[in-house]
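Q: For the protein sequence lines, the chains are A and B, in the order given.
Residue numbers are given in my numbering: position 269 of the first sequence equals residue 269, and the series is strictly consecutive.
Residue numbers are given in my numbering: position 101 of the second sequence equals residue 101, and the series is strictly consecutive.
FYI, nobody ran anything at the bench for these hints, they're computed from the structure.
Note that the structure is a prediction, hence the values are computed from the model and not measured.
Where hints are given, some of them may not hold.
So these bits of chain B aren't anywhere near chain A, every CB distance computed over 12 Å [stated by the list, open to error]:
(1) GLU3
(2) PRO13
(3) LEU19
(4) GLU26
(5) VAL58
(6) ASN96
(7) THR101
(8) THR115
(9) ARG124
(10) PHE161
(11) SER173
(12) THR177
(13) LEU194
If you only want the chain B side, here are some residues facing chain A, beta carbon under 7 Å, derived [stated by the list, open to error]:
(14) GLY47
(15) GLY48
(16) GLY63
(17) ARG64
(18) THR66
(19) ASP104
(20) ALA105
(21) ARG107
(22) PRO112
Below, in silico cross-link-like pairs of lysine to aspartate or glutamate (DMTMM-like), each with a Cα-Cα straight-line distance of 20 Å or less [unchecked claim]:
(23) LYS185/A with GLU256/A
(24) LYS185/A with ASP248/A
(25) LYS3/A with ASP81/A
(26) LYS108/A with ASP174/A
(27) LYS2/A with ASP104/B
(28) LYS2/A with ASP134/A
(29) LYS154/B with ASP57/B
(30) LYS2/A with GLU116/A
(31) LYS3/A with GLU108/B
(32) LYS185/A with ASP166/A
(33) LYS154/B with GLU55/B
(34) LYS2/A with ASP81/A
(35) LYS78/B with GLU18/B
(36) LYS108/A with ASP245/A
(37) LYS2/A with GLU110/B
(38) LYS185/A with GLU203/A
(39) LYS2/A with ASP15/B
(40) LYS3/A with GLU18/B
We put the beta carbon where it would ideally sit given N, CA and C, even for glycine.
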Amino acid sequence: MKKMLPESELARDERFVRTNIEDRLFDPRGPKVAQRNTGPARMGVDRPAAGERSRSLMHGIFVGEIQALEGAGRTCYDFDDETAPFQLKLDMARQCWDESRHCEISVKLGDHMGAEIGEYTESTFLFAAACNPDPVLRLCGVNRALEGLAIDVFNSMKDFGNESGDPVLEFCEDWMLADEVTHVKMGSDWLRRLTATDPERRERALEFQRTVDAIFNLGGFRGEDDENPIQLARNFRRLAGFTDDENDSLAALARESTVQAREMAEAASAALHASAQGS
Amino acid sequence: MTETTKPRAPFAPWDRRELPGLFAVEESARRVGNYKWAEMRLFEVLGGWVATIPELDVKLMLGRHTYHHAWHAELWHKRLPELREMNPDRLTVPPNDAFVTFMDAIREPEAPELTIEKLVGVYRVLIPRFIAVYTYHLNGTSTITDAPTIRSLKFALQDEFDDWRDGEMLLQSLIDTPEKVERAGRRQMDLERLYLVSGGIAGPGSLGEPVEEVRVS
Chain A
1 MKKMLPESEL ARDERFVRTN IEDRLFDPRG PKVAQRNTGP ARMGVDRPAA GERSRSLMHG
61 IFVGEIQALE GAGRTCYDFD DETAPFQLKL DMARQCWDES RHCEISVKLG DHMGAEIGEY
121 TESTFLFAAA CNPDPVLRLC GVNRALEGLA IDVFNSMKDF GNESGDPVLE FCEDWMLADE
181 VTHVKMGSDW LRRLTATDPE RRERALEFQR TVDAIFNLGG FRGEDDENPI QLARNFRRLA
241 GFTDDENDSL AALARESTVQ AREMAEAASA ALHASAQGS
Chain B
1 MTETTKPRAP FAPWDRRELP GLFAVEESAR RVGNYKWAEM RLFEVLGGWV ATIPELDVKL
61 MLGRHTYHHA WHAELWHKRL PELREMNPDR LTVPPNDAFV TFMDAIREPE APELTIEKLV
121 GVYRVLIPRF IAVYTYHLNG TSTITDAPTI RSLKFALQDE FDDWRDGEML LQSLIDTPEK
181 VERAGRRQMD LERLYLVSGG IAGPGSLGEP VEEVRVS
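Just chain A, with the same shape it has in the complex (with noise of 0.2 Å):
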């Protein structure tokens, strides 16, 4: 079997549809949709999609953990063992039992919640960011950039949970976000022990891992505000070993992302409009 597997090769059942992150961004769908006030996109129990939002949601987490597993997979596979030491192979070994739990959890719980596999599309850039070649870097995106991004997205999960009067998604989001704060801490100790004595490589990576957080912070996804539909959840980020800097930096990020959105959405409803006047 060959070392680097590209994204495009990934296996699926004839159940999975794969998209691309720019169809989603460039849907042309969306300007229509930006017209409509539908109000915060925060994910609250009084929303009339709330229900519909939390499956879809759902069913991102789950082909989010199986990429995160194929992955972590890799990364034992990709490397000698020069490249990637025994212990980092044994940490990602680890994180593959992990992430297949999640994907029987997140299973669960989308049957739980209604929905169904393939119901919704798949985009495969979480696995894109784990096709580095150099394993600091792989480790910086996926553990820190993404894994990080998972501990959002299961705290406003599990608070959702908790307001909806869901135990049963509440206690499964918790379990998994305990899971997820060790893969963070793993991509934070590595990156410090493998460019301990090269700060040119760190850079690279910490590099790397802004531009994977910036795409997921991409159309406001992210954020601290009601706009945001995840949360940024920095007592967990603490906790998994992001500093109050890396914290603040992140959310700067992600207003400016939320900004940029809203001006984007503003310019196509002026457009549509526009078009609309003229015919």
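With chain A's structure known, arrange chain B on it following the hints.
A: Frame of chain A; chain B shown alone:
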């Protein structure tokens, strides 16, 4: 009141452990190094295969088993310095080149249509041999002097038996046509031939007396 000064035998009457064993320290360390090498190559490929397997139940099982074999490798890694091998990497080696050829063949399938070939290699050829070689070591080594190895062997064997059952059940559910029976059989035969040439996970003598060199055309 308990009589604290009354002498008691150091071994209870039912404790039948004995000092003699088949392996000296060096031989035990050599075998443990071979086990670690094989468990490493196995957990790496199980992890690598996850992304190439479309069947969800198989994918998730491999994620779980990846960790089991990584943990076994870690157990052997920690045992090596206790067997006077202060540089564990020195003994983390295959027993011979033929065993490398065998492991390369186990790890070779990649395409998503080859799940049966992947699983047959691991669950019908390699893991049954891990069970055999670990059991041989467990039954043959000194039950007193090599007790730490025995403890690790028992943990590893528990996983191997459970994993073998998981893999075999999935294989039985995947092999649902006469053509697939033949595919599985051919794959098993090809790999067993290569294994035979290598002499086993710990080389010739993996299960006892060193055997004559075997040539298979």
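Q: All hints, please: hold or fail.
A: Hints versus structure:
no., hint, in the structure
1, GLU3, "50 Å, holds"
2, PRO13, "42 Å, holds"
3, LEU19, "34 Å, holds"
4, GLU26, "23 Å, holds"
5, VAL58, "10 Å, violated"
6, ASN96, "19 Å, holds"
7, THR101, "15 Å, holds"
8, THR115, "9 Å, violated"
9, ARG124, "19 Å, holds"
10, PHE161, "18 Å, holds"
11, SER173, "15 Å, holds"
12, THR177, "18 Å, holds"
13, LEU194, "17 Å, holds"
14, GLY47, "3 Å, holds"
15, GLY48, "3 Å, holds"
16, GLY63, "3 Å, holds"
17, ARG64, "5 Å, holds"
18, THR66, "4 Å, holds"
19, ASP104, "10 Å, violated"
20, ALA105, "11 Å, violated"
21, ARG107, "6 Å, holds"
22, PRO112, "4 Å, holds"
23, LYS185/A with GLU256/A, "27 Å, violated"
24, LYS185/A with ASP248/A, "18 Å, holds"
25, LYS3/A with ASP81/A, "14 Å, holds"
26, LYS108/A with ASP174/A, "15 Å, holds"
27, LYS2/A with ASP104/B, "12 Å, holds"
28, LYS2/A with ASP134/A, "16 Å, holds"
29, LYS154/B with ASP57/B, "27 Å, violated"
30, LYS2/A with GLU116/A, "33 Å, violated"
31, LYS3/A with GLU108/B, "11 Å, holds"
32, LYS185/A with ASP166/A, "29 Å, violated"
33, LYS154/B with GLU55/B, "31 Å, violated"
34, LYS2/A with ASP81/A, "16 Å, holds"
35, LYS78/B with GLU18/B, "25 Å, violated"
36, LYS108/A with ASP245/A, "37 Å, violated"
37, LYS2/A with GLU110/B, "8 Å, holds"
38, LYS185/A with GLU203/A, "18 Å, holds"
39, LYS2/A with ASP15/B, "52 Å, violated"
40, LYS3/A with GLU18/B, "48 Å, violated"
The earlier numbered hints that this structure contradicts are 5, 8, 19, 20, 23, 29, 30, 32, 33, 35, 36, 39 and 40.
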